[in-house]
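*Asks:* Could you slot chain U with the ligands onto chain H? The hints should help.
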Amino acid sequence: MLSHEEAAALASRHKLRRLGARPRLASYLKALVRRRHFIWYLASSGAMGRNQGSYLGQVWAVLNPLLQFSVLWLVFGIILGTREGTKDFISFLAVGTFLFGFMASGVIGGSKSISSRMALVRALEFPRAVLPTAVTLTEMIMEWPAVVVMMIILLIRGNPITWQWLGLIPVLLLMYGFTLGMAFILARIVSITPDYGNLVPIAMTLMRFVSGVFYSISTFTASLPALSVILNYQPFALYLSLARGCVQDGFTAQWYDWAMGVFWAAAVGFIGLVYFWRAEARYGRD
Amino acid sequence: MAETEEPRGEEPKEPEVDFSSDLTAADRPPKRKPKRLGRPTMVVDDVHVRYRVFGARRMGTSSQFKPSLYKRLFDRTSKAVGSVSEVHAVRGVSFVARQGESIGIIGRNGAGKSTLLRALAGLMPYSEGAVYAKGQTALLGVNAALLPRLTGERNIVLGGLALGLTPAQVQAKFDEIVEFSGIGEFVSLPMNAYSSGMASRLRFAISTAKIPDILMIDEALSTGDAEFQRKSRDKILEVKDQAGTVFLVSHSSATVLSMCERVLWLDAGRLVMDGPAAEVVAAYKQTLPGNRR
Ligand SMILES: Nc1ncnc2c1ncn2[C@@H]1O[C@H](COP(=O)(O)OP(=O)(O)O)[C@@H](O)[C@H]1O
Ligand SMILES: [Mg+2]
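The listed protein sequences correspond, in order, to chains H and U.
Just add 489 to wherever you are in the first sequence, counting from 1, and you've got our numbering.
Just add 27 to wherever you are in the second sequence, counting from 1, and you've got our numbering.
Just to be clear, a hint being listed does not mean it is correct.
[As the list claims (entries may be wrong)] Using 30 Å as the maximum straight-line C-alpha spacing, the simulated DSBU-like pairs for lysine-lysine come out as follows: (1) U/267 <-> U/312; (2) U/312 <-> U/262; (3) H/519 <-> U/237; (4) U/200 <-> H/519; (5) U/200 <-> U/267; (6) H/504 <-> U/267; (7) U/262 <-> H/504; (8) U/237 <-> H/504; (9) U/312 <-> U/258; (10) U/262 <-> U/200; (11) U/237 <-> U/267; (12) H/519 <-> H/601; (13) U/237 <-> U/262; (14) U/200 <-> U/258; (15) U/237 <-> U/200.
Hints were generated in silico from the structure; no laboratory data involved.
Pulled out of the complex, with its shape left as it was, chain H reads as follows:
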């Protein structure tokens, strides 16, 4: 029987690698990039598989946000009347629901990306960051029909198409970076302590209410400037106002709004990746 030292020496003499040792961040990233086809295939398969189990199939990708949109329009536009400061409430709400929906489903799906794919994790060896990346990508693919519906609503409401509409592309990319970072952070937390998985949808419901999806934050917090700044510059609300600045008539985004948007995506994305990577050797335990 070998001692620990002898075993390690024997292993290094024959160039064996130690399993379960955390790779270095640089080689982890390289491995992740090498698996880009795997990520893409997993993401597109996920999008295909999503609505397969129902009669209407992919139609749900459009129907679901449309129904949510109608409910919010009825409750907040008609019954509670939160139209003040929204210029055109229907356009305002369309951007709010459809784009918030993207972030919310990315965060919720991403948080379960490890814990709900244990069979895959226990069957094949690959950098586990593949899973949150693919799941948020799936959400992004699934979101395209909804983004198109959003644009149609905006056009019907008479918002002019300008070159600024192209700004939607960087907004969606920044949203993806931010959502991915959140997915990394939550995927690690939920895979290690599954209980938090139940809290994520509730937290997202809260965010839906405080992120200016169906009311104008500035109008409602006019008397509380500090609160107004906090609410306006938290990432969910910020990305919605960036998007409105691009596509809704009468809204503009300033350069510092964009700067904050880039900051959130870069900071949360990077922190999330590092946080997730640090637990790489621990995924798959149960």
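*Replies:* Here is chain U with the ligands on its own, set in the frame of chain H:
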């Protein structure tokens, strides 16, 4: 009695007899000249593996709201937090595996065979000790489908890409994989419509599309028919020929005896015996009630 294994009396009896004659025949030709044991491919040093089990963890049970709720959620290090407990499935296993070796793993149900293989494949974290391995490992488990809701085709591509093949390489190997698995047009059905035999055949074909350095088979052969068993044995010989190592968990001692020259006997997570196949299998059989010779 119910929990002990019947090493004999498994379904595929005839093919095994067939095969052992096959093997001796295939052994003669220069293709597999008797090799001296090669360099180590795997060094396993005092490995422990633990599972976390979430027991009766239902919302609304009174225990949920004891003052330890905070501790329950935030303290992940304590051994048994409320209804969370640990199963110490592998308790200090050490051995060295070498090139060209095929190693059987036997033991009762729950002895920790599957868990040990997962840890050796780098798929499950171990809590103590160390595993050092050479090159790429592939584990064929009983749960064969990678993503059961997807078709066999998609699982093939996914498995290939996950192994690190490029899309072009997957494309090139696709027909070969389908052919090897022998599942025919079922390849376009979702894998949850497969029988377990079909699923493990496909999975075997996927995992060996690129010959791994270390191949681990966890009872995946027992579900196949005679034809598939023959093909998979050829693959195993191929792995050994390419200086790899094969681990085989099987309930059939005939399979283990015909395929492995060395056997590890696990019981309750501990390595009871490690030695030549015939000796270890005989010793193991001695302990099975009603199976003494
Ligand atoms: N997913 C799991 N969660 C918790 N405990 C498990 C899990 N899988 C296996 N175990 C436990 O680990 C031990 C070893 O199981 P396993 O490795 O499957 O045994 P074998 O393959 O030898 O039949 C058993 O006590 C079993 O109950
Ligand atoms: Mg088992």
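*Asks:* It remains to establish, for every hint, whether it holds in the given structure.
*Replies:* Quick rundown of the hints versus the structure:
1. Distance check on the hinted pair: residue 267 of chain U and residue 312 of chain U sit about 27 Å apart at the alpha-carbon level, within 30 Å; holds.
2. The suggested pairing of residue 312 of chain U with residue 262 of chain U holds, with an alpha-carbon distance near 28 Å, which does not exceed 30 Å.
3. Among the hinted pairs, residue 519 of chain H with residue 237 of chain U is consistent with the structure: their alpha-carbon atoms are about 21 Å apart, no more than 30 Å.
4. Restraint check for residue 200 of chain U and residue 519 of chain H: the C-alpha separation of about 25 Å stays at or below 30 Å, so the hint holds.
5. Simply put, residue 200 of chain U and residue 267 of chain U have alpha-carbon atoms about 21 Å apart, close enough for the 30 Å limit, and the pair holds.
6. Restraint check for residue 504 of chain H and residue 267 of chain U: the C-alpha separation of about 19 Å stays at or below 30 Å, so the hint holds.
7. For the proposed pair residue 262 of chain U and residue 504 of chain H, the alpha carbon gap of about 25 Å is at most 30 Å, so the pair holds.
8. Restraint check for residue 237 of chain U and residue 504 of chain H: the C-alpha separation of about 21 Å stays at or below 30 Å, so the hint holds.
9. At most 30 Å may separate the alpha-carbon atoms for a hinted pair to count; residue 312 of chain U and residue 258 of chain U meet this at roughly 29 Å.
10. Straight-line distance between C-alpha atoms of residue 262 of chain U and residue 200 of chain U comes to about 15 Å, which keeps the hinted pair within the 30 Å bound.
11. Restraint check: the Cα-Cα separation between residue 237 of chain U and residue 267 of chain U comes to about 14 Å, which is no more than 30 Å; the hinted pair holds.
12. Proximity of residue 519 of chain H to residue 601 of chain H is assessed by CA-CA distance (about 24 Å); at most 30 Å being required, the pair is judged to hold.
13. In summary, the hint linking residue 237 of chain U to residue 262 of chain U is supported, as the alpha carbons are separated by about 11 Å, within the 30 Å threshold.
14. Taken as a hint, the residue 200 of chain U and residue 258 of chain U pair is honoured in the structure, with Cα atoms around 17 Å apart against an allowance of 30 Å.
15. Distance hint between residue 237 of chain U and residue 200 of chain U is fulfilled; the C-alpha atoms sit about 9 Å from each other, no more than 30 Å.
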